[in-house]
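Visitor: Chain by chain, the residues:
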Amino acid sequence: MSSARIRLPASIKKGETVEVKTLITHTMESGQRRDSAGAVIPRKILNKFACTYNGKDVIRADWASAISANPYFSFYVVAAESGTLEFTWTDDDGTVTKESAKLTVA
Amino acid sequence: MRKDSESNGLSRRRLLAGVGAGGMALAGAMIVVRDVSAQAIQPGAHLEVLNKAVGGKQPQAGKVRIRMPEIAENGNTVPITVAVDSPMTGQDFVKAVHVVTDNNPRPELMSVFFTPLSGKAEVSTRIRLAQTMNVIAYAEMSDGSLWSGRAEAKVTIGGCGG
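Read top to bottom, the protein sequences are chains A and B.
Per our numbering, residue 1 is the first one in the first sequence, and the count goes up by one each step.
Per our numbering, residue 1001 is the first one in the second sequence, and the count goes up by one each step.
Be a bit skeptical, because a hint or two may be false.
Here are the in silico distance ranges between beta carbons for each label pair [claimed, not checked]:
hint, chain 1, residue 1, chain 2, residue 2, range
1, A, A37, B, T1089, 52 to 62 Å
2, A, S11, B, P1043, 42 to 52 Å
3, B, K1052, A, D92, 14 to 24 Å
4, A, S3, B, N1074, 18 to 28 Å
5, A, G83, B, P1079, 24 to 34 Å
6, B, P1069, A, K21, 12 to 22 Å
Stretch-level coverage of chain B by chain A, calculated; a stretch enters the list once three of its residues show a Cβ under 8 Å from a Cβ in chain A [stated by the list, open to error]:
hint, stretch
7, 1099 to 1105
8, 1108 to 1115
9, 1126 to 1132
Quick caveat, the hints were computed from the structure, so don't treat them as lab data.
All residues carry an ideal CB built from backbone N, CA and C; glycine is no exception.
Could you put together the complete structure from these sequences and hints?
Guide: Here you go:
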């Protein structure tokens, strides 16, 4: 299972562009490795990431197998108003992990 | 003595360069053997990936900045920041950035799709690099222009497992 963590600045002014840091546990098995018997370990990665802010798209990313295990991803968002950031990570097997964070502007 | 060797086209510098290239070739051969399960590295495959992503358009150099440590000790997790110069307004923003590597078993790294709500066209993550190589990024702007940037990281321990 994957567990995700989100980090936002402690205080945010209205209209400020703030950095959002995300981290999720996942092996990101690259499909390049072999097990002890010599068989290729099949690829299993998180291949998509997306973030919305009060339902509006902020950023999307397609990830390849060269993204490290336990993917860290940081980006920016304009904090126009208080609201909710929603994050989704999509696994090769179709599983979607969701997380959300409250963004409060001063 | 020195003159002689130079006239033979075998200066000390050339000799060392030759040894260096030989060493590189050997390292390359070792990696191919290790990755024989997957696929050998195709030279130019990274450009094909980029061309496909942007519909064959040719970029201008500039606007895209890639930050990586000059020497990455552990190729399993190399921090990288990709930033594009853009005001990120509703009229003028970065639509997408496609990032590839030129010496990994697979060239793809990531594609990031921005919106004006992003505020700043900059992302950071951590990547795997099998050996010393270049990272190349193309940025597609809302006005249709295409920009490129690159950076090299020297890797001491490769990061492909195996």
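Visitor: Quick one: are A/S11 and B/P1043 within 42 to 52 Å, going by C-beta?
Guide: holds (50 Å)
Visitor: Can you take a look at whether the stretch 1126 to 1132 of chain B is actually covered by chain A? Rule is 3+ residues, C-beta closer than 8 Å.
Guide: holds (count 4)
Visitor: Check the following: the C-beta atoms of B/K1052 and A/D92 are separated by a distance inside 14 to 24 Å.
Guide: holds (21 Å)
Visitor: When I compare C-beta atoms, does the stretch 1108 to 1115 of chain B have three or more residues closer than 8 Å to chain A?
Guide: Result for this restraint: holds, n = 8.
Visitor: Per the hint of 18 to 28 Å, is the separation of the Cβ atoms of A/S3 and B/N1074 within bounds?
Guide: Between A/S3 and B/N1074, where Cβ atoms are some 24 Å apart, the hint holds.
Visitor: That 52 to 62 Å hint for A/A37 and B/T1089 (C-beta), does it hold up?
Guide: Once the Cβ atoms are compared, 56 Å apart, the range 52 to 62 Å for B/T1089 and A/A37 holds.
Visitor: If you look at each residue in the stretch 1099 to 1105 of chain B, do at least three have a Cβ nearer than 8 Å to any Cβ of chain A?
Guide: holds (count 3)
Visitor: Okay, B/P1069 versus A/K21 on CB: inside 12 to 22 Å?
Guide: holds (19 Å)
Visitor: Between the beta carbons of A/G83 and B/P1079, is the distance compatible with 24 to 34 Å?
Guide: holds (30 Å)
Against the hints set out earlier in the document, no violation occurs for any number.
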